[in-house]
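Following the hints, put chain B in place on chain A, whose structure we already have.
Just so you know, the protein sequences line up as chains A and B, in that order. Our numbering applies: residue 16 is where the first sequence begins, and numbers increase by one. Our numbering applies: residue 62 is where the second sequence begins, and numbers increase by one.
Some hints could be false.
Straight-line Cα separation of at most 30 Å, DSS-like style, residue types lysine-lysine; simulated pairs [claimed, not checked]:
1) A:K112 with B:K398
2) B:K368 with B:K353
3) B:K353 with A:K111
4) B:K324 with A:K112
5) B:K463 with A:K112
6) A:K112 with B:K524
7) B:K368 with B:K399
8) B:K141 with A:K112
9) A:K112 with B:K517
10) B:K463 with A:K111
11) A:K112 with B:K356
12) A:K111 with B:K368
13) B:K399 with A:K111
14) B:K141 with A:K111
15) A:K111 with B:K356
16) A:K112 with B:K353
Since the hints were derived computationally from the structure, they do not count as laboratory data.
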Amino acid sequence: MEIDPFIFRLSIFILSIFIGYYVVWSVTPSLHTPLMSVTNAISSVIIVGAIIAALAGDKVNIFDTANIFGYLAIVLAAVNIFGGFLVTQRMLAMYKKKQKDKK
Amino acid sequence: MISANILAVFYLISGILFILALRGLSSPETSRQGNLFGIIGMAIAISVTILSVGNFTTGFVYLLIFLIIGGSMGAFIAFKIPMTAMPELVAGFHSLVGLAAVFVAISAFLNPEVFNLGSPGNIKIASLIEMSLGAAIGAITFSGSIIAFLKLRGIMSGSPITFIGQHYLNLFLGISIIILIFYLCKTQTSNLFWIIIGISFLLGVLLIIPIGGADMPVVISMLNSYSGWAAAGIGFTLENSALIITGALVGSSGAILSYIMCKGMNRSFFNVILGGWGATDQTATNSSQEQKPVKNGNADDAAFLMKNASSVIIVPGYGMAVAQAQHALREMVDALKKNGVKVSYAIHPVAGRMPGHMNVLLAEANVPYDEVFELEEINNDFANCDVAYVIGANDVTNPVAKSDPQSPIYGMPVLDVEKSKSVLFVKRSLSPGYAGIDNDLFYRDNTLMLFADAKKMTEEIVKSL
Numbered sequence: 016m017e018i019d020p021f022i023f024r025l026s027i028f029i030l031s032i033f034i035g036y037y038v039v040w041s042v043t044p045s046l047h048t049p050l051m052s053v054t055n056a057i058s059s060v061i062i063v064g065a066i067i068a069a070l071a072g073d074k075v076n077i078f079d080t081a082n083i084f085g086y087l088a089i090v091l092a093a094v095n096i097f098g099g100f101l102v103t104q105r106m107l108a109m110y111k112k113k114q115k116d117k118k
Numbered sequence: 062m063i064s065a066n067i068l069a070v071f072y073l074i075s076g077i078l079f080i081l082a083l084r085g086l087s088s089p090e091t092s093r094q095g096n097l098f099g100i101i102g103m104a105i106a107i108s109v110t111i112l113s114v115g116n117f118t119t120g121f122v123y124l125l126i127f128l129i130i131g132g133s134m135g136a137f138i139a140f141k142i143p144m145t146a147m148p149e150l151v152a153g154f155h156s157l158v159g160l161a162a163v164f165v166a167i168s169a170f171l172n173p174e175v176f177n178l179g180s181p182g183n184i185k186i187a188s189l190i191e192m193s194l195g196a197a198i199g200a201i202t203f204s205g206s207i208i209a210f211l212k213l214r215g216i217m218s219g220s221p222i223t224f225i226g227q228h229y230l231n232l233f234l235g236i237s238i239i240i241l242i243f244y245l246c247k248t249q250t251s252n253l254f255w256i257i258i259g260i261s262f263l264l265g266v267l268l269i270i271p272i273g274g275a276d277m278p279v280v281i282s283m284l285n286s287y288s289g290w291a292a293a294g295i296g297f298t299l300e301n302s303a304l305i306i307t308g309a310l311v312g313s314s315g316a317i318l319s320y321i322m323c324k325g326m327n328r329s330f331f332n333v334i335l336g337g338w339g340a341t342d343q344t345a346t347n348s349s350q351e352q353k354p355v356k357n358g359n360a361d362d363a364a365f366l367m368k369n370a371s372s373v374i375i376v377p378g379y380g381m382a383v384a385q386a387q388h389a390l391r392e393m394v395d396a397l398k399k400n401g402v403k404v405s406y407a408i409h410p411v412a413g414r415m416p417g418h419m420n421v422l423l424a425e426a427n428v429p430y431d432e433v434f435e436l437e438e439i440n441n442d443f444a445n446c447d448v449a450y451v452i453g454a455n456d457v458t459n460p461v462a463k464s465d466p467q468s469p470i471y472g473m474p475v476l477d478v479e480k481s482k483s484v485l486f487v488k489r490s491l492s493p494g495y496a497g498i499d500n501d502l503f504y505r506d507n508t509l510m511l512f513a514d515a516k517k518m519t520e521e522i523v524k525s526l
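Next comes chain A alone, as it looks inside the complex:
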């Protein structure tokens, strides 16, 4: 008897939901906005699908319809990756502790 690989992926999925559940509950409420922008950036890892779609297939005709959708998805995901991580970085840089020695 062989287990369908789908079951393994489903296990990864469900276990990751549990990890997400516990990790996100431990996020401090004051960082909820950076949480949203960083989750937004990492969900753009969908770009890996876009890269395969754009590069694979017929190597002569690089602008097949399927490839074009891949390239479009690359642009969209790239906006998100760079925009998401950089804006998170910018926000996190603003969170400062009270400086006791000031004045």
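For chain B alone, coordinates are given in the frame of chain A:
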């Protein structure tokens, strides 16, 4: 170039780095390092994917060009965007993830051989279900986020748009998507796939238009969650563990945030999704018709009160974001601190238009994060505080939520502002807040109303300090 097994190991590593990126957000000190982990994870995922395809011909050059185009647009936006525009930025970014998911699904549908999913017209049933679900959720995320973006940006009215039979129409569309996916699997007709995507775009619009402005925190969190589920759906199609892990993380993160936001308003998730508080408007506004005495003050009164106080709690709300008053507020607090006044900030979970909105604005104005407290942490301190300075908040301070079971906001956790010795309420008029109900606080003996724009009033107070 790289074997499938090694590739899978690298995807697992990026998945772990993404988990660490979220873990880092448990405190501001570790958060910057967390973000770095996220960036490394993303870089690994992209590089190994390119290596695995191993196609370094013209296509690769185009890939780099498109990556740079998208990347520079993203970087430009990230550096230029003002912090007050963060809610619409996040909504806009969600729409891009949704659309990217749709595009990848379309590409996989048109050219399934590339992803080992069968051949066009004969795609594996499981893959077909996964890719149509991914495409449908992606499409809903895209059009829903566009509507949220337009509402937050003020291009579209923030008030709920409702019509008779709306919920039944949505239900009908949702069920028809499932039926169409079923027929798509049976017949493999490509037209059905396009119809599914079309209906999903429509459903996304219809789901978000009935939701009003102050419910936006829930909507944004929900769309955040959807973008994760869409990514996970595509991850199943492409058999990619990095996408599955990330999708599950983002999906549950958004769901938790939606839950926290709903709890902050004491409403169920379905109550928010099925349309706002609009229906209670008529009955609620009646009470504000009768003229009740209100104490009206000016900046000098406010300055006098605060200067002589020993502790002041500041309650910011969406009005502060609109007036961009956070920098003026910080100046005021600095002046007060010089006078030896102890100042802290109280943040209600649903203050503003997205989770954590107020915290980011205060951080932007250089307010140290250890002076900013959440509702549960600070609510007992109002009783010992001399002055509460309410700037741009309204419903979240309304004592009616504790006393009147008839009120639509009854049971919602509120800040106990009325317990402080005196309340300074900066507001442009006596108009009710989003919930459409009168705020009892305006008419209390210890309340002094400051009718002005939040920023102007705060600046005037700074001058008279």
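Verification of the hints:
1. For the proposed pair K112 (chain A) and K398 (chain B), the alpha carbon gap of about 16 Å is at most 30 Å, so the pair holds.
2. This hinted pair checks out: K368 (chain B) and K353 (chain B) have alpha carbons roughly 29 Å apart, not beyond 30 Å.
3. Only pairs whose Cα atoms come within 30 Å are accepted, and K353 (chain B) paired with K111 (chain A) is rejected, the gap being roughly 44 Å.
4. Distance check on the hinted pair: K324 (chain B) and K112 (chain A) sit about 29 Å apart at the alpha-carbon level, within 30 Å; holds.
5. Restraint check for K463 (chain B) and K112 (chain A): not satisfied, since their Cα atoms lie roughly 34 Å apart, outside the 30 Å limit.
6. A C-alpha spacing of about 27 Å is found between K112 (chain A) and K524 (chain B), which places the hinted pair at or below 30 Å, so the restraint holds.
7. Restraint check for K368 (chain B) and K399 (chain B): satisfied, since their Cα atoms lie roughly 10 Å apart, inside the 30 Å limit.
8. For the hint linking K141 (chain B) to K112 (chain A), the alpha-carbon distance of about 25 Å falls within 30 Å, and the restraint holds.
9. About 28 Å separates the Cα atoms of K112 (chain A) and K517 (chain B), which keeps this hinted pair within 30 Å; it holds.
10. The suggested pairing of K463 (chain B) with K111 (chain A) is violated, with an alpha-carbon distance near 35 Å, which exceeds 30 Å.
11. For the suggested pair K112 (chain A) and K356 (chain B), the alpha carbons sit about 38 Å apart, so the restraint of at most 30 Å is broken.
12. Taken as a hint, the K111 (chain A) and K368 (chain B) pair is honoured in the structure, with Cα atoms around 26 Å apart against an allowance of 30 Å.
13. With a CA separation close to 20 Å, the supplied pair K399 (chain B) and K111 (chain A) stays within the 30 Å bound.
14. Of the pairs offered as hints, the one joining K141 (chain B) and K111 (chain A) holds, with about 21 Å between alpha carbons and a cut-off of 30 Å not exceeded.
15. Of the supplied pair hints, the one linking K111 (chain A) and K356 (chain B) is violated, its CA atoms being roughly 38 Å apart against a limit of 30 Å.
16. For the proposed pair K112 (chain A) and K353 (chain B), the alpha carbon gap of about 44 Å is over 30 Å, so the pair is violated.
Checked against the numbered hints above, the structure violates hints 3, 5, 10, 11, 15, 16; every other hint is satisfied.
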